[in-house]
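With the sequence shown counted from 1, adding 2 to any position gets you our numbering.
Okay, derived cross-link-like pairs now, SDA-like style, lysine to any residue, Cα gap no bigger than 20 Å in a straight line:
hint : residue 1 : residue 2
1    : LYS137    : VAL100
2    : LYS41     : SER119
3    : LYS41     : THR79
4    : LYS41     : SER80
5    : LYS137    : ALA60
6    : LYS41     : ALA28
7    : LYS137    : ALA147
8    : LYS137    : VAL103
9    : LYS137    : ALA105
10   : LYS41     : SER77
11   : LYS137    : ASP180
12   : LYS137    : ARG94
13   : LYS41     : PRO70
14   : LYS137    : ALA96
15   : LYS137    : ARG177
16   : LYS137    : ASP183
17   : LYS41     : PRO69
18   : LYS137    : GLY148
19   : LYS41     : ALA25
20   : LYS137    : TRP233
21   : LYS41     : ASP52
22   : LYS41     : GLY66
23   : LYS137    : ILE229
24   : LYS137    : ALA104
25   : LYS41     : ALA65
26   : LYS137    : ASP91
27   : LYS137    : GLU97
28   : LYS137    : GLY106
29   : LYS41     : ASN30
30   : LYS137    : ALA179
31   : LYS41     : ASP91
32   : LYS41     : ALA121
Taking CB as the label site, the calculated pair distances span:
hint : residue 1 : residue 2 : range
33   : PRO159    : ASP304    : 35 to 45 Å
34   : ARG297    : ALA146    : 44 to 54 Å
35   : LEU321    : GLU45     : 47 to 57 Å
36   : ASP307    : THR29     : 38 to 48 Å
37   : ALA64     : PRO192    : 43 to 53 Å
38   : GLY199    : PRO69     : 38 to 48 Å
39   : ALA187    : PRO300    : 38 to 48 Å
40   : ALA331    : GLU278    : 16 to 26 Å
Bear in mind the hints are in silico, worked out from the structure with no lab data behind them. The C-beta atom is built at its ideal place from N, Cα and C for all residues, glycine as well.
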Amino acid sequence: MEPWTFLLLRGELVMENPREDAAALATNLGVNAHPELQKQALEYIQWMCDYYEHEYLAAIAAAGVIPPLLLRPGSATSVQKEAAAALTDLARNAENAVAIVAAGAIPLLVQLLHPGSPAEVQEYAAAALSILARKADTSVVIAAAGAILRLVQLLGPGSVAVQAEAAAALRSLARHADNADTIAAAGAIPPLVQLLGAGCADYTGGFDMMAVQPGSRAQVNAIGALIELAWAIENAASIAAAGAIPALVQLLGPRSPAFSHEAAARALMHLALMTERTATIAAAGAIPHLVLLLRPGPEGRDMQDVQAAAAGALWALSLTAENAVTIAAAGAIPPHWCSC
3 MEPWTFLLLR
13 GELVMENPRE
23 DAAALATNLG
33 VNAHPELQKQ
43 ALEYIQWMCD
53 YYEHEYLAAI
63 AAAGVIPPLL
73 LRPGSATSVQ
83 KEAAAALTDL
93 ARNAENAVAI
103 VAAGAIPLLV
113 QLLHPGSPAE
123 VQEYAAAALS
133 ILARKADTSV
143 VIAAAGAILR
153 LVQLLGPGSV
163 AVQAEAAAAL
173 RSLARHADNA
183 DTIAAAGAIP
193 PLVQLLGAGC
203 ADYTGGFDMM
213 AVQPGSRAQV
223 NAIGALIELA
233 WAIENAASIA
243 AAGAIPALVQ
253 LLGPRSPAFS
263 HEAAARALMH
273 LALMTERTAT
283 IAAAGAIPHL
293 VLLLRPGPEG
303 RDMQDVQAAA
313 AGALWALSLT
323 AENAVTIAAA
333 GAIPPHWCSC
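Generate coordinates for the entire structure from the input sequences, incorporating the hints supplied.
Listed below in structure tokens is the structure:
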């Protein structure tokens, strides 16, 4: 009996000890294992990452699954995809993220971003790098491995799901100032601005970012990357010049979901503070939309994050006297609209 088969009982997975179960599965991840057996083992490991509480992710990694997950680009496409997805799940645990980097995952993940890789492999490799790049020193290592240029290339025409994860990875990398300069120099700003129009049409309701469609994820991840880049005055000016302001104002409208409202409002606040475009933002029609976002949300929905973001953008715009008058005239002052 193969190690993974005894985990099935009457058609259902039975897992009592995550470390022992993962160790059994790890035996089927070797380079000489049959691709289908590897794929099934990887699927079960992902299932374990979803099934067990966050605290068990370290135990799963301790069973020795990380080294065999570092599959070479020559592996079967389905195996590459599942391995990158499993690394993404395991990396959500800080200890595992350190172990994944120490095992040499970064160069392999960057290699999987190559234009010749299948889109689904690029998607999960970028997702794994996005998680790993949240740690500052790892972010520098990822940039040094050549990830930035490849991620910027993935923002171009192609799979929207790949664009979404590439934008997320660039957002994580841009939190380091040196990386932000490199990202801007690599030409990321125009395609990130282009992605601001990727969502909304595919939005189907709900507030869970993992549940929304790729276009909406690409849109919000692009806004997040632009916010990180906009901490530098030169980048903020380039973002505005690329046409971000009207696109962001459009996202404040009633057809956009709450998470787009919040992200767009935060981006406009950054642009108002870091550039001299407050008049441009006001002229684009941002103020009435922002004032409307101060209102309480539908019954049962917590809109505090959206309200706070809108209030922050209005504050930044109000630093100009003319805008302050417009904001007051738009009805921002009544206390029953106040987010505080």
